[in-house]
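Asker: Sequence:
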Amino acid sequence: MALYRVVVLQHAELEGLGTFGPLLQQECGLDLLEAFAGEEAYRRRVEALLPDPGIDALVVMGGPQSAAELGRHPVLEHSLRLLRRAVREDLPVLGVCLGAQLLALALGGRVWAGRTRGKGPEVGWQALRLTPRGSVDPAFHSFAEIDPAFHWHWDSFDLPPRAWRLAETASYPNQAFRWGRWAYGLQFHLEVTGLMVSNLVDGNADRLAGLRRVDPDMMVARAARCAPLLLPKATTMIDFFLECVRRRAQERETGPSYSGREGVRPRA
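Using this note's numbering, the letters of the sequence shown map in sequence onto residues 1 to 268.
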């Protein structure tokens, strides 16, 4: 029996929870809202949650939509409304790729297209570095870098006020951040499997065809070796996220408390 209720916002059929799904389902029932199934149905489901979410956490996944162009993607406005409500309710939040960009936007950051700053897409397998803050954050403990990580983004974001940067690459320094006690944004992907990478490549062949220094066949070939290496890191991430969910649920019954062991707070 699931102990907690987690809402998952999925913006694209090919960008689901991956390995995060079974890890979350150890303790959580997952309520999946599919933005790609139609805006009107998605809007109704989001609006049903807004008055009183009645949930324990929110997970927001990736998609091809651009959070830098909200006017072109009305479904993202609905996702933002629920994200803002979750933050106001102090719920644990995990945003991945587009989800991280939307979280940054909900917290007062800015999302921008890479091309507007002379940057190309970051696509494929590439190492990223943890910052000093990231190396002591409970969500990333036990590894000093993530090599390799899977990247699949054309846009990025400026950190929202009072957020900690946790991971970076040379091209896109804001790869992961934490805001407050338990709101996390990951620009990169820990959750992918080899099959997910293969499906992403097949489903975006036209989009990838014009990219220099991107070899789709090599990307898929590397996934067979690299994707399994991400699972221990995904497990560390979700184990801590579940701990946040448990603590938040306990606070509803006993009232809020803070211990230094709960992790690092952002700057005031």
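No wet-lab data here; the hints were simulated from the structure.
Built from N, CA and C at the ideal position, the CB exists for glycine as well.
Worth double-checking, as some hints may not be accurate.
Okay, derived cross-link-like pairs now, EDC-like style, lysine to aspartate or glutamate, Cα gap no bigger than 20 Å in a straight line [unchecked claim]:
1) 233 to 145
2) 233 to 158
3) 233 to 27
4) 119 to 215
5) 119 to 77
6) 233 to 147
7) 119 to 158
8) 233 to 168
9) 233 to 243
10) 119 to 69
Ranges of calculated distance between the beta carbons of each label pair, as one might list FRET restraints [unchecked claim]:
11) 210 to 37: 26 to 32 Å
12) 118 to 253: 50 to 56 Å
13) 72 to 21: 26 to 32 Å
14) 84 to 31: 17 to 23 Å
15) 51 to 72: 26 to 32 Å
Asker: Does each hint hold? Answer for all of them.
Answerer: These are the hints, each one checked on the structure:
1. 233 to 145: holds, 10 Å
2. 233 to 158: violated, 25 Å
3. 233 to 27: OK: residue 233 and residue 27 at ~19 Å, within 20 Å.
4. 119 to 215: Within the cut-off at roughly 18 Å; holds.
5. 119 to 77: violated, 26 Å
6. 233 to 147: Holds, at roughly 10 Å.
7. 119 to 158: Cα-Cα ~14 Å, so holds.
8. 233 to 168: Distance ~16 Å between residue 233 and residue 168 Cα, so the pair holds.
9. 233 to 243: Roughly 16 Å between the alpha carbons, so the hint for residue 233 and residue 243 holds.
10. 119 to 69: It holds: about 17 Å lies between the C-alpha atoms, which stays within 20 Å.
11. 210 to 37: 26 to 32 Å: holds, 29 Å
12. 118 to 253: 50 to 56 Å: holds, 51 Å
13. 72 to 21: 26 to 32 Å: holds, 29 Å
14. 84 to 31: 17 to 23 Å: holds, 18 Å
15. 51 to 72: 26 to 32 Å: For residue 72 against residue 51, whose Cβ atoms are near 28 Å apart, the range 26 to 32 Å holds.
Comparing the model with each earlier hint shows violations of hints 2 and 5; every other hint is respected.
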